[in-house]
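Let the hints inform the model, and build the full structure from the sequences given.
Residue numbers 1 to 499, in the numbering used here, belong to the letters of the sequence shown in order.
Just so you know, these hints were derived from the structure itself, not from any lab.
Every residue gets a Cβ at the ideal spot worked out from N, C-alpha and C, and that includes glycine.
There are no misleading hints in this set.
Pairwise CB distance ranges (calculated):
# : residue 1 : residue 2 : range
1 : ALA138    : SER365    : 30 to 38 Å
2 : LYS206    : ASP12     : 48 to 56 Å
3 : LEU22     : LYS396    : 19 to 27 Å
4 : ARG366    : GLU31     : 48 to 56 Å
5 : ASP19     : ARG321    : 53 to 61 Å
The list that follows gives simulated cross-link-like pairs (lysine-lysine, DSS-like), each with its CA atoms no further than 30 Å apart:
#  : residue 1 : residue 2
6  : LYS53     : LYS118
7  : LYS6      : LYS78
8  : LYS358    : LYS284
9  : LYS396    : LYS360
10 : LYS71     : LYS53
11 : LYS71     : LYS87
12 : LYS87     : LYS206
13 : LYS409    : LYS7
14 : LYS53     : LYS409
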Amino acid sequence: MIHCTKKQIVLDGRPVLADFGLDAFANLDVELELSAPAEMEFSIGEVLRADGKSLKRRPGGWRIFRSMTKKCPAGRTKFRFPITPHKSPYEFTVSVPLPAAAETEVSPVRSVELSGGKGRATLTRRELFHDFDDNESAFECSDDNINRLWEFGKYTMKATSALGIFIDGERERKPYEGDAYWNQLGWFCSSTRRAIARDTIDWLGKRPTWPTEWRLLAPLLVRDYLLYTGDRAPLPRWLAWLPSRLLPEITHSDGLLCGNGRIEELRDIVDWPPDEQDHYEMGKVNFVPNAYLARALDTMADLTGDASYTVRAENVRARLRKTMFRGGLPVDNPESAHTALHTAVFSLWADVAPATEKLKKLIRSRGMACSVYAAHFLLEACFANGMTDHALALLKSTGLRSWNNMLAKGATMAMEAWDDSFKPNQDWNHPWGAAPASIIPRCLCGLRPVAPGFARFVCDPAPAGLDWKLRQPTPQGPIEAEMRKGELKIRAPEGCRRV
Numbered sequence: 001m002i003h004c005t006k007k008q009i010v011l012d013g014r015p016v017l018a019d020f021g022l023d024a025f026a027n028l029d030v031e032l033e034l035s036a037p038a039e040m041e042f043s044i045g046e047v048l049r050a051d052g053k054s055l056k057r058r059p060g061g062w063r064i065f066r067s068m069t070k071k072c073p074a075g076r077t078k079f080r081f082p083i084t085p086h087k088s089p090y091e092f093t094v095s096v097p098l099p100a101a102a103e104t105e106v107s108p109v110r111s112v113e114l115s116g117g118k119g120r121a122t123l124t125r126r127e128l129f130h131d132f133d134d135n136e137s138a139f140e141c142s143d144d145n146i147n148r149l150w151e152f153g154k155y156t157m158k159a160t161s162a163l164g165i166f167i168d169g170e171r172e173r174k175p176y177e178g179d180a181y182w183n184q185l186g187w188f189c190s191s192t193r194r195a196i197a198r199d200t201i202d203w204l205g206k207r208p209t210w211p212t213e214w215r216l217l218a219p220l221l222v223r224d225y226l227l228y229t230g231d232r233a234p235l236p237r238w239l240a241w242l243p244s245r246l247l248p249e250i251t252h253s254d255g256l257l258c259g260n261g262r263i264e265e266l267r268d269i270v271d272w273p274p275d276e277q278d279h280y281e282m283g284k285v286n287f288v289p290n291a292y293l294a295r296a297l298d299t300m301a302d303l304t305g306d307a308s309y310t311v312r313a314e315n316v317r318a319r320l321r322k323t324m325f326r327g328g329l330p331v332d333n334p335e336s337a338h339t340a341l342h343t344a345v346f347s348l349w350a351d352v353a354p355a356t357e358k359l360k361k362l363i364r365s366r367g368m369a370c371s372v373y374a375a376h377f378l379l380e381a382c383f384a385n386g387m388t389d390h391a392l393a394l395l396k397s398t399g400l401r402s403w404n405n406m407l408a409k410g411a412t413m414a415m416e417a418w419d420d421s422f423k424p425n426q427d428w429n430h431p432w433g434a435a436p437a438s439i440i441p442r443c444l445c446g447l448r449p450v451a452p453g454f455a456r457f458v459c460d461p462a463p464a465g466l467d468w469k470l471r472q473p474t475p476q477g478p479i480e481a482e483m484r485k486g487e488l489k490i491r492a493p494e495g496c497r498r499v
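Now the structure itself:
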C-alpha cells in the first residue's frame, strides 16, 4: 500500500529542509520549477542535527543519509530520487524482496534537504506500508509520557510493515523469530490484518535462524497468531515443522538443552548485543535457553493436546531447580554462582521460580541491564509479579536506556538498541525495540486473548493509579476498555467473552 505525502518548498539557492515529521520506508518523487538552470544537491535521511534544521550527513551505522547532485534545467523537471538496491552486509542473509507496489527501491526517509536553484519544488514521499487502519486501535491515559510511548510503538508497527513480513530492520531486512515474537504481539495490539504475521511464520518455517532461544519461540509465535486471529487454517503445515524447533539434536538425556555452540548453526544468545547480557556466565548448559524450552514445551502441549509435552516441560523445570539454584536464586549455568538479570527474569517468565522478595529485589537492583529486546520480558515479568511501580519507572524513564531517549535523539521508529553508543552499527527502524506497543495493552491494561480469536479474553489491569481508555482490535470487532477512578468498564462484541 502506497501513501503519498507532499511538501512544497520555495527555493532561493540556500539549503532548505523539508521534514515529514515521521520516518517511513519510502521513495521520493521530485518536481522542480526553476527560474534558471542550476546544479542542485538533493539529500534524504532519517537523522537530524541537534538544531533540527538540517540532516546529519554522517549519522553512522545503518542510520540513513543519501545524497546526489543533478544539473537541472530552467522550467519544469520531474524525476525520482535514485536509491541503490538494498543489500545486506552479511553474506548469508536472505532479505525479504520488495513488494511490487513500491515500483522502485525504498529507503527510510524522514527528511529531504535541497540546496541550489531558485523557484519551487514539490516533493512527494511515496510511503510503503502494509495494509493498516489507524482507527482499529487506540490508547489514551492520564500520563502524557505513556501516551507518547504508545504512539511511538504503534507507529513503529505500521512503518516497519513495509515489506509485508516482519523484518528486523533496514540493515538486513529479514525475519528473526526473536524479533517477530514481539513484533507480532505489537502488531495484533494495533491491527487485525493477519497476512503479514502468517507470511512471517511461513518464512521462518523454511528459514530458522541461529540463536537457540529464538528457534524455541516458534511455537509461541504460532500460538499467539491463533489466539489473536482465530485462523486455524495454517496450523497443520506449521505443526509439521514445529517439533524440530524444540531442538532434539542438542537435548541431553536429562531433558535439558546441552551443547551451546556444538552445532555450528546454533548458539545460545541470552540477549543481543552481547554487552547487554548483564555479565551472564555462559556454559555448555545455560539457564535462559532452557527456560525458553520449558515455555515452548508448554505451548506445544496447548497446540497439540499432547500431554507428553507437559511432562517434559515439568522435567525441565525440575532439572533447572535441582542444578541451577544457589541460595534461593537461579544461576546462569550449573557451574556458576552468578545471577544475571536475564536469569532472574526468565525464571519467572517460565514459572521455574516463585516471585520471592529476594528475587524481586535482585530484579529491581539491576534496573534496565538488558537490551531493548529483553526489556519486553523484564516489563512483562514486573507487571505479572507485583512490581508495577518498577515496570512503570522503567517504561517512563528518561535515562540513556529508555524509549524516551530514543525520542529525544529524534527517532520516530524504535531503535535497534537503546542508543547509538550501545550498538554503533544499529538502524533506527527496528520493531523489536517497540515494547510499548504490546506491553501497554497486554500488561498495563491487562487485556489478552486466552482462546482463539478472542472467543475468551482476560482483562486484569495493573494497579497503576491511571485513568485510561483502550481500543483492542479483534476479528469480531474492537473491545473497548476504560479505567476511570479505579472502576473498569468493558464493552466487547458478540463472540468475545471476558473470563
